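Peer 1: Letter by letter, the chains look like this.
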Amino acid sequence: MSERHPVLTMTAISKIFPGVRALDGVDLRLFPGEVHALMGENGAGKSTLIKVLTGVYGTDSGTITLDGAEVSFSGPMQATAAGVSTVYQEVNLLPNLSVAENIYIGREPRRLGAVNWREMRRRAKDLLARIDLHIDVTELLGNYSLAVQQMVAIARAVDIRARVLILDEPTSSLDADEVAQLMRIMRQLRDDGIAIIFVTHFLDQVYAIADRITVLRNGRLVGEYLTSELPQIALVEKMIGKELDALERLDEATSGEDRAALESGTPLVAADGLGKSGSVAPFSLTIHQGEVVGLAGLLGSGRTEVARLFFGADRADTGRLAVDGTPVTIRNPVAAIDRDIAFCSENRRTEGLVGELSVRENIILAMQAARGWLRPLPRRRQDELVRHWITALSIRPADPEMPVRNLSGGNQQKVLLARWLITEPRLLILDEPTRGIDIGAKTEIQRLVAQLSDGGMAVLFISAELEEVLRLSHKVAVMRDRQLVTELTNDDTLDAARVMQVIASGSSQEGSVPA
Amino acid sequence: MTTTPLAARPGRAWWRVPPRHVPVLATAALLLVMYSIGVSQYRAFSNIQVVFNVFIDNGFLLVVAVGMTFVILTGGIDLSVGSVVAMTAMVSASLLGNGLHPAVVLVIALLIGPVLGFAMGCVIHFFDIQPFIVTLAGMFFARGVCTWISTTSIPITDGFWTSTAQHRIHLGENFVSVGALIAVAVVAVAAAVLAYTRLGRNVYAIGGNQQSALLMGLPVGRTKIAVYTISGLCSAIGGILLSFYTLSGAPLIAVGMELDVIAAVVIGGTLLTGGSGYIFGTLLGVLVLSIIQTLITFDGTLNSWWTKIVIGGLLFVFILLQRLVGIRTK
Amino acid sequence: MSTVRARAAGVTGHRLFWPLVVLVLLLMANAIYRPSFLSVELKNGHLYGSLIDIVRLSAPLILVALGMSLVIATGGIDLSVGAVAAVAGAVACLYISEQPDQNSLGVVLTAVALGFGVALLLGAWNGILVAGIGIQPIIATLILMVAGRGLAQLIAEGQIITINSGPYKVIGVGHLLTLPFAIVIALAVTVLVAVLTRRTALGMIIESVGGNAEASRLAGIRSRRITFLVYVVSAACAAIAGFMMTANVSSADGNAVGLWVELDAILAVVIGGTALAGGRFYLGGTVVGALLIQTLTTSVYAMNIDPQTSLLFKAVVVIVVCLIQAPAFRARFRRRRSVPVTPVEPVGTEKEQVPA
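Taken in order, these protein sequences are the chains called A, B and C.
In case it helps, this note's numbering puts the first sequence at residues 1 to 515.
In case it helps, this note's numbering puts the second sequence at residues 516 to 845.
In case it helps, this note's numbering puts the third sequence at residues 846 to 1201.
Since the hints were made in silico from the structure, they are not lab data.
Note that the structure is predicted; figures quoted are calculated from it, not measured.
All C-beta atoms, glycine included, are put in the ideal place defined by N, C-alpha and C.
Just so you know, not all the hints are guaranteed correct.
[Said to hold, decoys possible] Here are some of the chain C residues that sit facing chain B, going by a computed Cβ distance under 10 Å: (1) TYR878; (2) GLN981; (3) ILE988; (4) GLY1003; (5) THR1007.
[As the list claims (entries may be wrong)] Computed list of chain B residues with no C-beta within reach of chain C, every gap over 12 Å: (6) LEU545; (7) SER555; (8) ARG558; (9) ILE571; (10) VAL619; (11) VAL622; (12) ALA657; (13) GLN681; (14) ALA707; (15) GLY732; (16) SER763; (17) PHE813.
Work the whole structure out from these sequences, hints included.
Peer 2: Printed below as a string of structure tokens:
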């Protein structure tokens, strides 16, 4: 295998964004005729690496060679022309045009200057037949499932003589049959000598198809491995990593008696078979007052979807939800907020903050929304609250009138936290509250969570970092492939290795943890 | 469905119409119904000449609507069309009045619209300003030019113009005007361009998803500028046809025409969000508007404002229809 | 306090600086052309002068543009305001014209109430289409833009309704406390809208919906209600403008009342610094925008240029102001001036883009 020459080599790639080192000396080798999985958690640098490769971003240092010649693409179009094509999760095709046209637009077969539709249809049919896709090529692309659309995108890429095909989370929204068909196509292309970079969060799929795995973490290369030589558990360990404990240890929040006390009485919130098809399989989970429930799992495992169902951001189509033992229907966020449930989304920019509005306005937004627009929060009260929380959470710069988009990620996160804390929720759902923020802010937020739960608030804490989940939670629910696979009580015996075992294999059998 | 879920076509029997064709077919059905009402109520309506008159009277509207279809297909809008029509007619009338040769006048008149359209397209593309605002400025500009040329109507007495205007091309017992033929020719050319050229397909692509079109390597900027230029050209041709029809240039003619044109395009089944629609639909849309007018004229007891109310009502129905179709296909 | 000053500096430095510069230039040009332009005199207890005229004539536009500001702030647009103004004016004039005593204050108040009521219904219609059914605002309001004109003519049965009502006429040309009544109304409505949006939480919530609809939903804002409301408010403002325009000439012409006022209003809003994409809105900026547009028209009149030709100037001003405010244009301009600036890579811009 190693005698072959790689079709693509990326060497010592670094990419610095203001304040963030997104990639730090990352290498990637890609051989013809292999499926190469690119793995890593949020912020690991996968998408940055792909954007650097396809020319969306320039590099700050490092070289890319394609077929031995150094290249530097000015953008995806040029990359495509050179044989490096990308198929994204949200297919970048044209749903309003026919399948055939989506494959050939921009390079339509023509006769006497006019588009030769018959020839185009014929070629499209042949091309798709080669990947065993027998569909009506005159039908609008948008009328087909996402899976078919992705395959059409792949067909287009292949037909433009792609030698390197990048599949960016292609399977995230596909069902099992569709995944199987996609994989069949990937194998076929691989056998034809195309090199495939496969970005996914589904470990089983990686082990089903990838020949080689490159793992990134925090913008650095962890290593390149042959799939056959890397057990799943080891892969999870490499992705998640053992964070060097620069954080000071928080007080152990859990002890046996607390636990019993916590679990007595009716749970604050209880989900029973709650689920949404295509999003997360039915699950049951209870959260008690003063309890921190950690939700562990890899990105894309359904963590966020669970949170969204609790908050009514998505509407569940099965199951029941009870608050204080009373069955409730939560159709929308307003209903959840009425029940004192708060939700800090992981996508601060798109689902959390209103960038144009000031820190003050963003902080009071939820409280104001609950009061209705006719009962404005008096300005003095606003200033009081905002000043209090700016100090309490040390939001920097401490200027309440600064547009929130000008703040750093950590401070934006604190603003979002403050928005919900002033509403004094009984259940606080935090989705990746410490992602992409500096270590200082991270500790502060962790300490805050511990304090809040001591004060009686229930917290649903979602994080990709196991150390963090274990440090804070009384109970850890583990998500895997859109399912809640198990609940683990966070007693002294629970450690990261065991949780990883569950994440990697889906089984919670004790004692089977490899060293 | 169960055996090969991927290859399964979006379940549809042979007789079921693809959703994208529903609006156009609805327009066609509406047209038929209205025409039959006309025929059943008024004897004169059954005369084929009524149909020809629709083309004679509304040829300029048809041509302008064709241009607007290009723009709307990309997801844009062109508010300047009415003013450009008037400006072209004014410029022609004024130049002819100054004794310029009709051929030269034709060339100049046909250049003004596309140049303005090109300029607007450039501003829209390069400076990323909403088409709405840019073409609004274009509308003011062109109307301003009209009144700058003259505040009163300028009659056209040029021989070429008058003879062309009055020339009747006989088809059996009936006749059409030169303008009507030109309009039909424009429709045919435009339909061919949209269906059989890369430019035409790129227009659809941009309307479908501009970002994707860009990533697929399609010339987005060039196409966007092109559609506004085409719309300008169609408005210019429309202006010439109007000057044939009225044999004058009036500064306030075709005020509010952009609304009729947009209504015709939407009723013809083109999505205002872009990416879906046909020139044929636009033709039907213009015919529907014209038949409404003809019906209301024939009726005599109905007043002209009913035209607007009916058009508004039709707009509502068709937009709702598009929305429902959109939801279903989603 | 320093933050307030910093903000004030930011305001003059960016948003309203250019519109105000253009406004001042226009006024100066007028003053040079005709020195008496700037003089304001008190005659019979009423203020007169070109400046007063400009403000009086811009009153209807200010009203319409205020409502439009709110609609645009939510990321929408309302094309139907002109038609709504025509309908409201026609309803009011029709009612007055049918009464035996047109000068009765009661009659006029009833007429205004009727016109207002109809306008609110039309606004609710727009609101339902946009917020309820989810039709794109530009398309939804296009329906009423077309049909509303027909409706206005239907109400007037195609006639121009002329009335002879003293109290109604006051709305357009009367005086109150030395000021033309139209100015007083515009001022009152401006203050009312400002209070409605800035003394309650409405303004912030509108901006939140326009700035990031999904985040607003997740913060518990019932954005549909807010969207519905702004279309009703917009129609209400248009109705008052409609009364003013019909009172000015003591007649209602379904075709002419408020013709193209929607375009002027949108311009005023954009010139005032509110982005068409939604988000922050600036009522003060809108008023300046409306004044700028009217000053332009008046200047053209005053300088004996053909009134219709003012459209040419309007076109130029629109393009200039929009270009100056367009980020793409500024970026180009800046790049050309200072070449060696390394382009700063925006972090995660894709994630920041939110469908408005």
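Peer 1: Output the indices of the hints that this structure fails to meet, ascending.
Peer 2: Checked against the structure, the hints that fail are numbers 1, 5, 12, while the rest are satisfied.
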